Amino acid sequence: DAGVTQSPTHLIKTRGQHVTLRCSPISGHKSVSWYQQVLGQGPQFIFQYYEKEERGRGNFPDRFSARQFPNYSSELNVNALLLGDSALYLCASSLAGLDTEAFFGQGTRLTVV
Amino acid sequence: GIQVEQSPPDLILQEGANSTLRCNFSDSVNNLQWFHQNPWGQLINLFYIPSGTKQNGRLSATTVATERYSLLYISSSQTTDSGVYFCAVGGGTASKLTFGTGTRLQVTL
Numbered sequence: 005d006a007g008v009t010q011s012p013t014h015l016i017k018t019r020g021q022h023v024t025l026r027c028s029p030i031s032g033h034k035s036v037s038w039y040q041q042v043l044g045q046g047p048q049f050i051f052q053y054y055e056k057e058e059r060g061r062g063n064f065p066d067r068f069s070a071r072q073f074p075n076y077s078s079e080l081n082v083n084a085l086l087l088g089d090s091a092l093y094l095c096a097s098s099l100a101g102l103d104t105e106a107f108f109g110q111g112t113r114l115t116v117v
Numbered sequence: 019g020i021q022v023e024q025s026p027p028d029l030i031l032q033e034g035a036n037s038t039l040r041c042n043f044s045d046s047v048n049n050l051q052w053f054h055q056n057p058w059g060q061l062i063n064l065f066y067i068p069s070g071t072k073q074n075g076r077l078s079a080t081t082v083a084t085e086r087y088s089l090l091y092i093s094s095s096q097t098t099d100s101g102v103y104f105c106a107v108g109g110g111t112a113s114k115l116t117f118g119t120g121t122r123l124q125v126t127l
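These protein sequence lines are chains F and S, in that order. Going letter by letter, the first sequence gives residues 5 to 117 in the working numbering. Going letter by letter, the second sequence gives residues 19 to 127 in the working numbering.
Simulated from the structure, these hints should not be mistaken for lab results. Bear in mind that the values here come from a model prediction, so they are computed numbers and not experimental data. Do not take every clue at face value.
To be verified - These stretches of chain F come out as covered by chain S in the derived footprint (C-beta under 8 Å, 3 or more residues): (1) 18-27; (2) 39-48.
Stated by the list, open to error - Quick list of simulated restraints, FRET-style, between CB atoms: (3) S/SER94 with F/GLU55: 39 to 47 Å; (4) S/GLY34 with F/ASN81: 43 to 51 Å; (5) F/SER69 with S/GLY19: 37 to 45 Å.
Unchecked claim - Some but not every residue of chain F turned toward chain S, in silico, with C-beta under 8 Å: (6) GLU57; (7) GLY88; (8) GLY111.
We treat Cβ as the ideally placed atom computed from N, Cα and C, and that holds for glycine.
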């Protein structure tokens, strides 16, 4: 079975641009969460979606948005990129919402120049 | 929100040594996971252990939920065990995992 897949794996963008990151969960999993990990820190929660509805949002500006599609895949969008948005973006997949084991993709490494 | 502290922050071991990593959390939790992050950034699931004890080969973990801590034991360490180990917790109505700051492990020959 395929694990959580994210695309692209690496990305370089210029300040002010927009970026879209994509995630496909494990087959049968209905919940997708997004995390941002900057160098030297643990991942920080951005969003959770379950059954196509937003179930949680972390402390990130409105430039960050996400959605989940009928096939449970998800997109994370970031507008007006700042240098500080450079990070590893991780997608997690779980069967249900709360309190179920999360499995992570390999991440998208975003560099903003 | 829940606070998660991991110790030690850094650990250097010789191959074959044993180690214990600790995770303290500030509130009751319904979800606790241990991960190993490899040099390429992939988070590898080690244990899903909101309570009790589990073992998987050379690794084992114990969570004492009433005392708000979890321990990860690594026995007979190998160079491939090197990397960062994260504890992550979720609880109550929170839909997220809160990660600790990690323990960076280096296993030398």
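Practice task
Check, residue by residue, whether the region 18-27 of chain F contains three or more positions whose beta-carbon lies closer than 8 Å to a beta-carbon of chain S, and give the verdict.
Solution key: violated (count 0)
Handout entry: When the least beta-carbon distance from F/GLY111 to chain S is tested against 8 Å, hint result
Key = At about 5 Å, which falls below the 8 Å cut-off, the nearest Cβ of chain S leaves the hint on F/GLY111 intact, so it holds.
Handout entry: Satisfaction of the F/GLY88 interface hint, Cβ to chain S closer than 8 Å
Key = At about 18 Å, which exceeds the 8 Å cut-off, the nearest Cβ of chain S leaves the hint on F/GLY88 violated.
Practice task
Confirm or reject the claim that S/SER94 and F/GLU55 have a C-beta distance inside 39 to 47 Å.
Solution key: About 44 Å separates the Cβ atoms of S/SER94 and F/GLU55, which means 39 to 47 Å holds.
Practice task
Indicate whether the distance between the beta carbons of S/GLY34 and F/ASN81 respects the range 43 to 51 Å.
Solution key: holds (48 Å)
Problem - Proposed interface contact between F/GLU57 and chain S, which counts if any beta carbon pair is under 8 Å - result: violated (11 Å)
Problem - Coverage of the region 39-48 of chain F by chain S (three or more Cβ within 8 Å) - result: holds (count 6)
Handout entry: Distance restraint hint 37 to 45 Å, applied to the beta-carbon atoms of F/SER69 and S/GLY19
Key = violated (22 Å)
Against the hints set out earlier in the document, violations occur for numbers 1, 5, 6 and 7.
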